[in-house]
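Undergrad: This is what each chain is made of:
Number of protein chains: 2
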Amino acid sequence: MTKLKILENKTITDVPYFKATGIHSGVKRKRKDLCIIYSEKEAVAAAAFTQNKFAAAPVVVSKDHIQSNNTQAIVINSGNANACTGDEGIDNAYSMAKTTADCLGLSSKEVLVASTGIIGLPLPMAIINAGIKNACTQISSTGGNCAAEAIMTTDTFTKKITVEFDLDGKKILLSGIAKGSGMIHPNMATMLSFIVSNVNISKDMLSIALKESIDDSYNMISVDGDTSTNDMVIGMANKTANNTIIDSKDDNYIKFKKALDFLNKELAKLIAKDGEGATKLIEVSLNNAKTLKDAKLCAKSVISSSLVKSAFFGEDANWGRIVCSLGYSNAEFSPEKIDVSFQNKIGNIQLFKDGKEVSFDEELAKNILSEEHINIIIDLKDGEHCATAWGCDLSFDYVKINASYRS
Amino acid sequence: MTKLKILENKTITDVPYFKATGIHSGVKRKRKDLCIIYSEKEAVAAAAFTQNKFAAAPVVVSKDHIQSNNTQAIVINSGNANACTGDEGIDNAYSMAKTTADCLGLSSKEVLVASTGIIGLPLPMAIINAGIKNACTQISSTGGNCAAEAIMTTDTFTKKITVEFDLDGKKILLSGIAKGSGMIHPNMATMLSFIVSNVNISKDMLSIALKESIDDSYNMISVDGDTSTNDMVIGMANKTANNTIIDSKDDNYIKFKKALDFLNKELAKLIAKDGEGATKLIEVSLNNAKTLKDAKLCAKSVISSSLVKSAFFGEDANWGRIVCSLGYSNAEFSPEKIDVSFQNKIGNIQLFKDGKEVSFDEELAKNILSEEHINIIIDLKDGEHCATAWGCDLSFDYVKINASYRS
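Chains A and B, in that order, are what the protein sequence lines are.
In this note's numbering, each residue carries its 1-based index in the first sequence increased by 27.
In this note's numbering, each residue carries its 1-based index in the second sequence increased by 27.
Just to be clear, a hint being listed does not mean it is correct.
Pairs count within a copy or across copies, as identical chains cannot be separated in the list.
Claimed, not checked - Listed below are the simulated BS3-like cross-link pairs for lysine-lysine, each with C-alpha atoms no more than 27 angstroms apart in a straight line:
#, residue 1, residue 2
1, K276, K380
2, K320, K80
3, K125, K383
4, K383, K90
5, K55, K198
6, K383, K32
7, K393, K55
8, K198, K427
9, K364, K292
10, K230, K30
11, K198, K393
12, K90, K364
13, K317, K80
14, K30, K393
15, K80, K32
16, K32, K160
17, K393, K32
18, K80, K57
19, K317, K266
20, K136, K266
21, K317, K57
Since the hints were derived computationally from the structure, they do not count as laboratory data.
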């Protein structure tokens, strides 16, 4: 892999010519709820949207605006999802783009829109439009952290990462902020991720890279199996690094793609770790499947099992539930070949070998499971394809957060 | 529908020539753990088995023995699933059938085997075989309730139903016992159901009827989305009613099938109601889908959503999560046409109409949701196909039961 440097204290506004802000507009009671990300220079953008048939209004509008060859801003509100709000909701999402565009001297089509929060309520447009106008006066090259805060719902920490690498001797910065599975009554988990870069890349290649990268990162995490109406990942590149433009799958594309994969996986892991009520990050490494599809089916089946997730909350070395969830994954494999181990900084312990239990040190298992990060390693010994999935345990707090009236 | 009489206090041993027992053999500490169901007369049997690739040893053996044209007994142990136990497990399951056959004067092939309980531990065969011998001396025409008890794991009540109807002026009895999603560390939920009848039916037609009936009953319930290694439904018919044999899809087949459907749906609902930690039975009535597949996909997506289930535990009229789960169901429908209502003995309340929220009486919604049985009625207004699915809420106790070390 090309030398990739993680820049610990940097964020999206450390990428050249990107500015941002996050403010409190009044949709939420106290916390920041409105974010603008802006590139001073022209930029290409690519996006992936929820597959949910009830796509929220901002998804509809961003699907329209992403067609533009220039995308210079994203406006995001939290606290209200603008979902299931009918034609009025669509009008309001277009209005958010237009107000932002007017303030920043752009055309509406150059602005993308995202929302997260309560579903089914009309957006309070007086508050939102005033908020956007206010935010546009505050965007700055130090506003990245405020931006990361303003997109949160019940997230317990901001999610951000910045990496640096070289292309043609030019310094490329790639930085992302994300929000995870937060719940505001009456709503569902929503995942949003915004990635910016100074890389010089064509819109088509950015789109291909983003799509491929999402399949191995955000699409491999599960908090509770529910796909929101508002999920969205957007990538923007303003080309100011002046590297030779990436317009085919050349060496530079591969280097960029590796950096993008790393960044998206790290953001995906942060989202999994901050799943509602989560006490542990669980990583499933599925090795040696016959096909990539089988590898992904197996890894996602394990990470999505409520029984597996409850067992991890209980710190219970329950290989039975793990192999059971493999068994109903619809993947092809040979049950009699399977090995299962747990691993983390405490150690490594094999629980299951060649399709049967092996006796193991219960004390060591307990110590491994008491940690916050646990890797489940599954070897199908059936081929050469691997996949990794991330998730969290299922705790009392998940139920508490999501059963608001009784809690 | 043919006149179907529910016989409140009857059970499987009230069906002519069926005997049964349930005893404590010693696999569990105190509670009954071994059950035998026996037909004194020759009988045909049909069965459906788990689709889990890690099918337990009793599944393997019963799949073999169901080939026999005569099936006169089922031996079931609870407390140990005999799953992931390798060749030794298979030998042990065959041995359970042989011991039962020897005691009852049958051949091994005439006995089916089922297990539920801890996964991955060898069956204690000395205890099991002694238990079977003991049980065979105790089978009787009053042992049905003990049998229903002996197949339980963490079920909180026995599940049984008996119905009566006429075919050719002959009295047909159809009776079933079942167990639901119980958890014994370290194990997963297992569903078992055993149905017996005096109906005269060919093995082929019994098999067709059972298969079709399962698709609309057991396959439409969800407690936590996990499919066990040991799931099994068995139907046995000893033909002693002397009706004209059902050997084609004639009128009598249709009458029998209706009774079987009713019985299986009632058992399925009891299983859903007794899901681990459940406080409510939720029924999803999905109406007017374009295809049956779409109807089932929608109904199962709603009943399987952790967010919907948590909202019901919280008695929260959260239509947003319901339409969201429809949205990711992979079914075809038009979001702008959808209606959603809640209904039960308290009343009926519409929350969502033509794809949008409608204002509703919060007090009435609260009262409806405070009941133990709630029907979610969804109208897609897109065709003529309907499906019903059953499930339960997701409570603190689900997590508690399944996170054994911390609870």
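Undergrad: Next step is simple, just say for each hint if it's right about the structure.
TA: Checked hints:
1. K276 x K380: Classified as neither: same-chain Cα gap 41 angstroms, cross-chain 48 angstroms, threshold 27 angstroms.
2. K320 x K80: This pair counts as both: shortest intra-copy Cα distance 24 angstroms, inter-copy 17 angstroms.
3. K125 x K383: between (61 angstroms within a copy, 25 angstroms between copies)
4. K383 x K90: Classified as between: cross-chain Cα gap 21 angstroms, same-chain 49 angstroms, threshold 27 angstroms.
5. K55 x K198: This pair counts as neither: shortest intra-copy Cα distance 39 angstroms, inter-copy 67 angstroms.
6. K383 x K32: neither (43 angstroms within a copy, 48 angstroms between copies)
7. K393 x K55: between (42 angstroms within a copy, 25 angstroms between copies)
8. K198 x K427: So K198 and K427 fail the 27 angstroms test inside a copy (46 angstroms) and across (52 angstroms) alike.
9. K364 x K292: Neither way: K364 and K292 sit 29 angstroms apart in one copy and 38 angstroms across, limit 27 angstroms.
10. K230 x K30: within (25 angstroms within a copy, 68 angstroms between copies)
11. K198 x K393: Neither: 45 angstroms inside a chain and 59 angstroms across chains, both beyond 27 angstroms.
12. K90 x K364: Answer is between; shortest inter-copy Cα gap is 22 angstroms, intra-copy 45 angstroms.
13. K317 x K80: between (32 angstroms within a copy, 16 angstroms between copies)
14. K30 x K393: The answer is neither: 37 angstroms in one copy and 58 angstroms across copies each exceed 27 angstroms.
15. K80 x K32: neither (39 angstroms within a copy, 44 angstroms between copies)
16. K32 x K160: For K32 and K160, neither the intra-copy (36 angstroms) nor the inter-copy (70 angstroms) Cα distance is at most 27 angstroms.
17. K393 x K32: neither (35 angstroms within a copy, 54 angstroms between copies)
18. K80 x K57: The answer is neither: 32 angstroms in one copy and 51 angstroms across copies each exceed 27 angstroms.
19. K317 x K266: neither (40 angstroms within a copy, 48 angstroms between copies)
20. K136 x K266: within (19 angstroms within a copy, 74 angstroms between copies)
21. K317 x K57: neither (52 angstroms within a copy, 46 angstroms between copies)
The structure is inconsistent with the numbered hints 1, 5, 6, 8, 9, 11, 14, 15, 16, 17, 18, 19, 21, although it conforms to all the rest.
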